[in-house]
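Same order as they appear, the protein sequences are chains A and B.
Read left to right, the first sequence gives residues 531 to 716 (this note's numbering).
Read left to right, the second sequence gives residues 531 to 716 (this note's numbering).
Short derived list, chain A residues pointing at chain B, Cβ under 8 Å:
#1 R547
#2 V575
#3 M576
#4 E577
#5 G620
#6 S663
#7 L664
#8 Y668
#9 F670
#10 Y686
#11 K703
#12 F711
#13 M715
Since the hints were made in silico from the structure, they are not lab data.
Positions of the beta carbon are idealized from the N, C-alpha and C atoms, including for glycine.
Protein chains: 2
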Amino acid sequence: MRRNFRKQDLPVDRVRRYLEPGPIVLVSSSWNGQNNIMTMGWHTVMEFSPSLVGCVISAGNHSFELVRRSGECVINLPTTALTDAVVGIGNSSGAAIDKFDQFGLTADGAEKVKAPLIRECYAHFECRLADDSLVEKYNFFVWEVVRAQAAVSPKYPQTIHYTGDGVFMVSGKMISRRRQFLPEML
Amino acid sequence: MRRNFRKQDLPVDRVRRYLEPGPIVLVSSSWNGQNNIMTMGWHTVMEFSPSLVGCVISAGNHSFELVRRSGECVINLPTTALTDAVVGIGNSSGAAIDKFDQFGLTADGAEKVKAPLIRECYAHFECRLADDSLVEKYNFFVWEVVRAQAAVSPKYPQTIHYTGDGVFMVSGKMISRRRQFLPEML
Numbered sequence: 531m532r533r534n535f536r537k538q539d540l541p542v543d544r545v546r547r548y549l550e551p552g553p554i555v556l557v558s559s560s561w562n563g564q565n566n567i568m569t570m571g572w573h574t575v576m577e578f579s580p581s582l583v584g585c586v587i588s589a590g591n592h593s594f595e596l597v598r599r600s601g602e603c604v605i606n607l608p609t610t611a612l613t614d615a616v617v618g619i620g621n622s623s624g625a626a627i628d629k630f631d632q633f634g635l636t637a638d639g640a641e642k643v644k645a646p647l648i649r650e651c652y653a654h655f656e657c658r659l660a661d662d663s664l665v666e667k668y669n670f671f672v673w674e675v676v677r678a679q680a681a682v683s684p685k686y687p688q689t690i691h692y693t694g695d696g697v698f699m700v701s702g703k704m705i706s707r708r709r710q711f712l713p714e715m716l
Numbered sequence: 531m532r533r534n535f536r537k538q539d540l541p542v543d544r545v546r547r548y549l550e551p552g553p554i555v556l557v558s559s560s561w562n563g564q565n566n567i568m569t570m571g572w573h574t575v576m577e578f579s580p581s582l583v584g585c586v587i588s589a590g591n592h593s594f595e596l597v598r599r600s601g602e603c604v605i606n607l608p609t610t611a612l613t614d615a616v617v618g619i620g621n622s623s624g625a626a627i628d629k630f631d632q633f634g635l636t637a638d639g640a641e642k643v644k645a646p647l648i649r650e651c652y653a654h655f656e657c658r659l660a661d662d663s664l665v666e667k668y669n670f671f672v673w674e675v676v677r678a679q680a681a682v683s684p685k686y687p688q689t690i691h692y693t694g695d696g697v698f699m700v701s702g703k704m705i706s707r708r709r710q711f712l713p714e715m716l
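With the rest of the complex left out, here is chain A (with noise of 0.2 Å):
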């Protein structure tokens, strides 16, 4: 069942607790009057702050142009009541459809980029690119998150990993091991 979280904003040096683990994200985008989503799997953190984040936006992909032309992007976090959409939007194309209206999505103002945020999921990361250095070789973006916004609950999202094939893990049960960290490791 889909629901609209009620969200609050985060340090934007805290975003890894949602991104570290490695869930299918996607990413919204807007240039020149056309926004955009996509389904990637290819991303990491890179640095706390400035609040760094890697990923791969294949050439291949119509979000391409946009997120490279607009220096521009969110990192929406969809949970497992999005999974049919998740697997919509990474099998069409923005070139030939407008996917939010296809997915039933919302499309909402994003407050530090013009990119829109994605209402129905649990998280919001509000890009700037930071280094494109990597892009013309790999594809691969530097995004600062200049803005991060994410669910009052639940605590921990049930997020979905991709493994190929089709085939996805969704994320499980959440165990501690506060008490063997060292203090300066947390």
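Mind docking chain B on chain A? Use the hints.
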């Protein structure tokens, strides 16, 4: 319970199956007669062929000089059986201890690199440094996987995914949406 997995070689363009879901991995390295292991959560697949993986290995880690000087490492995939070792490795320094000894892990010989494999892990990806152009600025290494091995069973390992604050997500159920994929997307 720890086990010794029976492993087989895997085509190197198939490592996304294990890395794209975003598990914590153990990076083993060797330089000048010294072995080390570090816990790493900041990594991403970058290309199928050549098989490229990007990751952040902070200059503050003892492993940084070992991987930089040798230009090699092994990315090992631990399962929940190794959770306490993963935490211990992430909360200690190879400058002070031998992590193989300390955490009861076995260093096996790799085929293509001098860095050791960690026998108790589910999979091993032997890596050679492919691009160091972002090492200075972001401590971001681009590796080429030159040999991959994975356990024959279970088909999907129970992996651990870090969220910060000493809390891990354990991989949950697998779901297939294969019939909703375009043939060229599989």
